[in-house]
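Student: Residues are numbered in the working numbering as their position in the sequence shown, beginning at 1, plus a constant of 22.
The hints are simulated quantities; they were obtained by calculation from the structure and are not laboratory data. Bear in mind the structure is a predicted one, so any value in this text is a computation, not a measurement. Keep in mind that a hint or two might mislead.
Said to hold, decoys possible - Cβ pair distances, simulated, as ranges:
id, residue 1, residue 2, range
1, Leu121, Leu68, 24 to 34 Å
2, Asp40, Glu199, 18 to 28 Å
3, Gly129, Lys37, 37 to 47 Å
4, Val207, Ser141, 33 to 43 Å
Here a beta-carbon is modelled for each residue, glycine too, at the ideal position from N, C-alpha and C.
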Amino acid sequence: MTGLWLTESNSTFQKWRDIPHSSIWLSGIPGAGKTVLSGSVIEEILQLSSTSTAVAFFYCDYKSNETKAFTNVLGALAVQLAEQSDAAFDLLEAYYDALIAGNGLKGAPDTKGLQKLISKITVLYDKVYIIIDGLDECDNNVAEVAAGLTELIESCPPVSMAIFSRNEQEIREELEEDFAHVEIVAHTDDLEIYVRAEMSKRKQLKKLAYRNPELSEEIKEKLVCSAQGM
Numbered sequence: 023m024t025g026l027w028l029t030e031s032n033s034t035f036q037k038w039r040d041i042p043h044s045s046i047w048l049s050g051i052p053g054a055g056k057t058v059l060s061g062s063v064i065e066e067i068l069q070l071s072s073t074s075t076a077v078a079f080f081y082c083d084y085k086s087n088e089t090k091a092f093t094n095v096l097g098a099l100a101v102q103l104a105e106q107s108d109a110a111f112d113l114l115e116a117y118y119d120a121l122i123a124g125n126g127l128k129g130a131p132d133t134k135g136l137q138k139l140i141s142k143i144t145v146l147y148d149k150v151y152i153i154i155d156g157l158d159e160c161d162n163n164v165a166e167v168a169a170g171l172t173e174l175i176e177s178c179p180p181v182s183m184a185i186f187s188r189n190e191q192e193i194r195e196e197l198e199e200d201f202a203h204v205e206i207v208a209h210t211d212d213l214e215i216y217v218r219a220e221m222s223k224r225k226q227l228k229k230l231a232y233r234n235p236e237l238s239e240e241i242k243e244k245l246v247c248s249a250q251g252m
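Can you make the complete structure from the sequences, with help from the hints?
Tutor: Here it is, written out as structure tokens:
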């Protein structure tokens, strides 16, 4: 999937990209291409990265317990943002130094401390983009992570945040008030590109395209139509 329908043609996405301190929630059913689309968005936003614009992203994965914990989400975001500025890195270093107790053992980073750290780091930039994929994969932590991300953007004026997930009730209840919403559906242009590429990989279908191009085209159209009805 190319994602051009979103990055180049969707006004809600373009407003999020261009207007400071804005939030967007992109939801779709399983198989709608959310993760691929989030990759396209990250690729697009990384092009805006500069000394005054920072970009951070995180992929939640139901197979990895580490990616479901909100402290780990915040920690990963803090490290990424800190790496893009010397002043920001100094703040990160000071935070971790403060965790060292008198006996030399490190205390565990906590949610509130990491939120405060990110708040301090983000004001060093004119604009900060944060992109989260797979919020629904946080299992029992979904409500905590969703609420925490909402709180984070409220406390960080430079931040614009995009969240990708399924349209689940506890996520919807947390995000629908403050986040602009885009429903992710399979788009014809993207599907045609994908189907053509997959058909060209299969020897029998490749031969069919040469022997009977009309039948090959009919198969492609039916596959595209079927995918749109996922």
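Student: Give me the numbers of the hints this structure contradicts, sorted from smallest to largest.
Tutor: none
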